[in-house]
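Going down the list, the sequences are from chains A and B.
Take the first sequence: its letters are residues 20 to 147, numbered as in our numbering.
Take the second sequence: its letters are residues -5 to 392, numbered as in our numbering.
Everything labelled a hint here was simulated from the structure, so no lab data went into it.
Backbone N, C-alpha and C define an ideal beta-carbon position, used for all residues, glycine too.
Treat the hints with care, as some may be off.
[Said to hold, decoys possible] With the C-beta cut set under 7 Å, the calculated list includes, among others, these residues of chain B facing chain A:
#  : residue
1  : Thr62
2  : Pro66
3  : Gln222
4  : Val225
5  : Tyr228
6  : Ala229
7  : Ala230
8  : Lys232
9  : Leu233
10 : Arg234
11 : Ala303
12 : Thr304
13 : Gln306
14 : Gln308
15 : Ile309
[To be verified] Some chain A residues well away from chain B (every beta-carbon gap over 10 Å; in silico):
#  : residue
16 : Asp30
17 : Glu86
18 : Arg87
19 : Glu108
20 : Gly114
21 : Ser137
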Amino acid sequence: MKTRRAMIVDDSPAFRTVLASILQINRWEIIEAIDGLDALEKLEEHSPDVLIVDHRMPRLNGAQLYERLRTEGREIPFVLVSAAQDVHEIAERAGIEHVLQKPFDLPEIEQMLLRATSAGPGPEGENS
Amino acid sequence: MSQHYATREAWQRYISVGRIEHAVLREQVRRAWERAHALRVNPQLFHAEALSETETERMRQRLAPFITAARPYAMSLSCAAGVERHAVMLGNEEGVVLDVVGDEQSVSGPQAVPGPGSLLSEEMAGANGIGTPLAEGEYAELVGPEHFIGGFHPFSCQGITIGDGGEVVGVLSTSVRRPQASQRLHDILVCAAHGIEAELLCHRLEEKIDRALSARPGEEHLLEDLRQDIVQSYAAAKLRLQVAARVFESDQNAYALELLRAAREAIATFRSDAALWQDLASSDKGGLTDLDLLEMTRQIERLLETEMATQQVQIVAGRTEPVMVHASRSRLLRELLDVLLRGAKAAGSGGAIVVSVGPSSVVGQVTIQPEPAAGVADRALPALRLAYPRSPLPTSGS
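With the rest of the complex left out, here is chain A (with noise of 0.2 Å):
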């Protein structure tokens, strides 16, 4: 069976390796970004299944990232967590299909990831 990865970006060390935590006791294969930019950079070496990824950051935010990543055309399933109380707008005025709001629960997230992946690609290029 084809090992699974993702990318965690979030600047909180914590949450990352929580999030990690959980994955790679669902046999994940994990890369782990501190902001959007780091993501960006990892991302050219890297070819995660799934992107799990906080809005509040420095320098580049959850909504930047994704817009990055549409912009260059680059289709891959992209979560945005966050504890932001108008995270779904925000997520909507993005075209972020898949969100959730912290603090959310176990179940949820790994419902959340099953429901991103098999969905298929998250930003969709411009020429898509």
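Starting from the structure of chain A, add chain B where the hints point.
Just chain B now, with coordinates in the frame of chain A:
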């Protein structure tokens, strides 16, 4: 003779002659039996009394936010119990069972635990895993015959109170058949109760944000951003506990305990940051009190960690010395927040602020020195200062 049999005999003698054998019972259990005795609870009851279905449903609807907040934690405890026969029960502040999760036998089998609507206060059911924590105001454990009524003797129960806004609002309790299983669940039960308290606090922060924003116009984004940063630490703690529960199930206890410890620490940080946020969001001026200026400054710096990272400004500790000042806590915190943010704005992206705290002759002083990124400014930026009267020294001999 084992403690179990000695307690069982003590219970039987109590049935026969109505006398409590103090020497046999653990202190907490003895107090609970004495209360039950004084309240004339019938020890030979087999079932607890319960509200009607309609009354129960009405109560569950009224307390739905509490039940919903507690459910994921109850599920985690149930997950950690694994294949043990078990039930996790949530009670309200009066000892009425609101919710039960567990294995089918324990929840709905012929020897099920008391279900929603059951009245488990000590007044109604004597010493038990819900009524006794409420009566004692803290964690309590009742093993087998330590329960006051005979119908509860097959169970080992433990419960811990849940507080919200300084008041006890309920109890989280586990009920298992083997005392060893109860001990195994102890740490995760305590952590889960703290998690539920954090969840309730989290909801309160959400409710308060609108009020805070109308009271402090112009600070909308800042207060909401800080609230998000605070919630972040709780969100990580909640997931850690849920992972710990899964790991417990697979018997990796050392790793699970490590996760629980980290979750407890994160919940403690969340509580302290949430209290700080409430002070900042409040329009209350507050009375004057003695405060550690250095500690207050450290707390605000920690709260601003993510905000500073987002603005790409580094906080650098300058010369610091503890100093007690006499000031209004909420006003001092707000002024600290304001001066640190003004310093960060002056320093700009890639810059730093050097924060010094210490006494001068009659005041305690905070100095913020903005330092722009290399090559950005050709002259030093002015320092920003806050000063508060120092606390009077304690009178000798008083």
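Hints, one by one, checked against the model:
1. Thr62: Thr62 (chain B) check fails; min Cβ-Cβ to chain A is 11 Å, beyond 7 Å.
2. Pro66: OK, holds: Pro66 (chain B) within 7 Å of chain A, min 5 Å.
3. Gln222: Holds: closest Cβ of chain A sits about 4 Å from Gln222 (chain B), inside 7 Å.
4. Val225: 4 Å, holds
5. Tyr228: 6 Å, holds
6. Ala229: 4 Å, holds
7. Ala230: 4 Å, holds
8. Lys232: 5 Å, holds
9. Leu233: Because about 5 Å separates Leu233 (chain B) from the closest Cβ in chain A, which is inside the 7 Å limit, the hint holds.
10. Arg234: With Cβ-Cβ at 5 Å, under 7 Å, it holds.
11. Ala303: 5 Å, holds
12. Thr304: 5 Å, holds
13. Gln306: Holds, about 6 Å.
14. Gln308: At 12 Å from the nearest chain A Cβ, Gln308 (chain B) fails the 7 Å test, so the hint is violated.
15. Ile309: 14 Å, violated
16. Asp30: About 6 Å separates Asp30 (chain A) from the closest Cβ of chain B, which leaves it inside 10 Å; violated.
17. Glu86: It holds; Glu86 (chain A) is separated from chain B by about 18 Å at its closest Cβ, greater than 10 Å.
18. Arg87: Given that every Cβ of chain B is farther than 10 Å from that of Arg87 (chain A), nearest at about 18 Å, it holds.
19. Glu108: 13 Å, holds
20. Gly114: Non-interface label stands for Gly114 (chain A): nearest chain B Cβ at 22 Å, farther than 10 Å.
21. Ser137: 22 Å, holds
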